[in-house]
Every structure is written in structure tokens, then in C-alpha cells.
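Student: Now for the letters of each chain:
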Amino acid sequence: MSPKTILIVDDSFSLRQTISIALKAAGYDVVEAIDGRDALNKLDGRKYNLIISDVNMPNLDGLSFVREAKQNPSYKFTPVLMLTTESGDTRKQEGKAIGVRAWVHKPFLPPVLLDAVAKLVTP
Amino acid sequence: MKSNNRALLILWGTNALLLALLAPRWWQGVIAGALIAGVAWVLGASQARAGGQSAAAIPSSQTDEAPARAADLPVLVQAVVPAWRNNVQLARTQTQEAIDKLTQRFVGIHQRLGGAVSLAEGGKNGDVLQVIQNAARQLGGIADALEQVLTTRDALLRKIEALSQHNGDIRQLGLQVEQIAGRTGVTDLFSDQASWTELAARSAEAGRQIVNKTRAIQQQIQATHLSANQLDADAGRMVDDSRMVIDSVIADFRQSALKLSGTVGQLEEENREVDQEVCDILVNLQFQDRISQILDHVQLDMVKLTGMVESAAPLPPSAAWLADLEKTYTTQEQRQVHAGQQADKSMQSQVDFF
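Protein chains in written order, with our numbering: chain Y, 1 to 123; chain X, 1 to 354.
By construction, these hints were calculated from the structure, which means they are not laboratory data. Check before you lean on any hint, since a few could be wrong.
What the hints assert, rightly or not - DSSO-like, lysine-lysine: derived pairs with alpha carbons at most 27 Å apart: (1) Y:Lys-24 <-> Y:Lys-70; (2) Y:Lys-96 <-> X:Lys-327; (3) X:Lys-327 <-> Y:Lys-92; (4) Y:Lys-119 <-> Y:Lys-47; (5) Y:Lys-92 <-> Y:Lys-47; (6) Y:Lys-24 <-> X:Lys-101.
Fair warning: this is a prediction, and the values are worked out from it, not measured in the lab.
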């Protein structure tokens, strides 16, 4: 069985590395994007079993990226997990409204993130 | 302004003089003139005030607003700077705490690596090489003993070969006796004395040789028996000694292997601990993302204030400014310190599923 692929979207290099190490150690394949715009470019037909995105990013923020990604029929049902320092209920409700499935607060503990990923990742 | 007052004084004097001349009583004219002049003065003064204001309307709107901005700016700064200070203090506190934790983690890793190096050195300098050297020496002793047994066995084989040679000699003597017996059979009573004597002598000689050979064979058999017993004893002793040596070598190897196994187990445990430490460090390093955002919000607010001061735009009330600043916050602790509360230091992962 081929490993599941997860798209990580975060403008912080160190955060992408931290997330990537945790996911790869758990057996997932990882594709990285440095912001929402870069992530949209990587929605190029590849299958992603999950998208993990930050909220506050330059060029295109995470919620705008998700909104645009959900317009793409190929990724309409791809589960999205927001991983962010943003803790305001307004942004959470905004995320929920556009189809975000989980909201994980930074700093995250790898086991907690992996548990959430395991619950959301598609077969 | 002085010229206006002088004109009014002249007007009042002329008016009072005329009214005094025209009035039935001169003092009534003076009073009426004074009243008219007073009214004129009051009206003139109010016009002068109104005229003065309308004349300076455009420049005064600027000069009046400038003092207002100058007055608002300290109020705004006094309100905003504490918010900036709180955010910067929050960033400093989080940096310090994260650095302290990182330092502790690195100290822990340093100690664990030091312990692992000591374990590795213990394994390296431990008994392994000594055990191998001892084993080589002890097993070399077994080889020597085996060679000794082989030497004894060779001697025994030589004795057995000698016995085989004696067997040939006896067969030869037996043939001689058989020949004597054959001749005895053809020697009749009429043969001469000499023939009998010769046969008897030859028969006696054969008998002596047989006796001697038999004695030699007996001695050889006894020697061979002794050698065989010696070989048996040597072999038995050597087997016992070898068994002891082998048991000792195996025991040494077992002990060394157990020690190595223990060391490997400890090293694996240390490896797991270091891996966990590194994992925790990666978690602690996430403070950089939060602090970057906190400082970014303060920086943007500074830029905003600088821009408004430079553009001479009206400054908003400090409450509105602070409310706008609060909207930029992303973390719970920013909102807490903005509200003057203690920042929550717990850094627990929280997950909300929708």
C-alpha cells in the first residue's frame, strides 16, 4: 500500500520542518508549500489525503487558500486541518464555514497532531 | 485695533457735542450722545471679534487643529505604548522561557551523549579484547595438549608396529620349527648320530629364539599396554582440562556478551531519550513563530502611527486605536496581556474538530 500524501502549507521554514519530520516518522509522504499561493500551484492533480495549513501567511492566507482549493472539484472533499497560532473564534467559525475539519493550535505536540491527522486522513 | 478705538472716541465726542447743542437741556444731549456712542462701541467691538474670526478661518483651522493633534498625540501614545510594551514584554518572556527550556534540553542531550560515549568506551575498553586474548591463550593450551596426545598415540603406534614385526619373526621361527619337524620325520632310526644331534641343536636353538621372542613380545605388550594406559589417562585428563578451559572461555564470552548486550540496551534507551529530547526541542522551537507574529503586530502598529503622524491625518481616539490593534492579535496570550491579564503560560496543543 502506497503511503498517504499530506500537503503542508506554512510560511515558516522551521514549522514546515517540524511538521514534516513528525509526519514522515509516522509514514506519511509530505509535499510542502510556503504560502497559500504556492499551495494552489501544487494542487496540480496530485492526490492529497490531507491538507495542513497555517492561517496567517503572506501572498495568500490560509483561509483564502482553502476557499479557493474547495472550488477545485479534485480537492473539494480533501480534508483540511488548520495549524495556527490563531485562536479567535471568529476565524475558527470562518474556517468551519468553508469546510475546515479541524483546528489545531500552535505550538503543537507531535503526538497530538498525529492523532488528529490519523482521524482525518482519507484512505 | 487702536485706530478703531480712536475713531469711536472721535465719533462719540462729536455726537455728544451735537446732541448737547440741539437738546432742550444740554446735559440730556450729552447723555444721549454717550449712550449712542456706547452702543456703537459695543456693536463695533462684537463686529471686530466676528470680523477677526472670519478673517483667520482657513489658517486658524490649521493652527487650531495642529494644537489639537499635538494635544491628541501624547494621549494616543500614552494609550498605545503600554500595549506595545506588553506585547514586547510577552515576546521577551516567551523568548526567555523557550531559550531556558531549549538550554535545559541541550544540557540533557549533552549529558546523555556523554553517558553514551562512556558506555561505548566501556564496551571498547572492556573485557571483549581481553576475553578474546584469554580465549586464544587457553584454547592454545588445548591445542598443545592435543599435540601431546598425538605424540603419545604415535609412540603407541610404533610399539604396535614393533609387535607386528615380532609377529613376523615368530612366524619365521615357526617355519623353521616346521622344517626341523619335517626333517625329523624323514630321519630314521638308521640315520647317523650327527643328524640327530644337528636336529636337536637346531630345535633347541629355535626353541630359545621362540622363548626370547616371546619374552620380547611380552615386554613390548606390557610397554604398549602402559603406553595405551598413559594415552588413555592423558586423553582423559586432556578432555577434562579442555572441557574446563572451554567452559571458562564460554563463561567469559557469555559474561562479555551479557555486558555488551546491556550496553547496547542502555545505548538504545539513551538513543530513545535523545530522540524524545530532540522532538521536544522541535516543539519548543515553535515559540519563534508566535514571537515573530507578536513583534510583527507591534511593528505594523508603529508603522501605522508613524504614517498617520507624517500624513497629518486626524488621529483617532486612543480607544479606537487600541481596538484596531487588538483585532490584529492571533494568540490568546496577546489578548490576555492587552486586557491587562496574566498571559497563560501553558503551551498545550488544543484541537477543535468541526
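Student: Tell me if the straight-line CA distance from Y:Lys-24 to Y:Lys-70 falls inside 27 Å.
Tutor: 26 Å, holds
Student: Does X:Lys-327 lie within 27 Å of Y:Lys-96 when you go C-alpha to C-alpha?
Tutor: 20 Å, holds
Student: Mind checking the alpha carbons of X:Lys-327 and Y:Lys-92 for me, to see if they're no more than 27 Å apart?
Tutor: 14 Å, holds
Student: Take a quick look at whether Y:Lys-24 and X:Lys-101 sit within 27 Å of each other, Cα to Cα.
Tutor: Holds: Y:Lys-24 and X:Lys-101 sit about 25 Å apart, inside 27 Å.
Student: When you check the alpha-carbon spacing of Y:Lys-92 and Y:Lys-47, does it fall within 27 Å?
Tutor: Holds, at about 26 Å.
Student: Assess, step by step, whether the Cα of Y:Lys-119 is no farther than 27 Å from the Cα of Y:Lys-47, and give holds or violated.
Tutor: 18 Å, holds
In the structure shown, no violation is registered for any of the earlier numbered hints.
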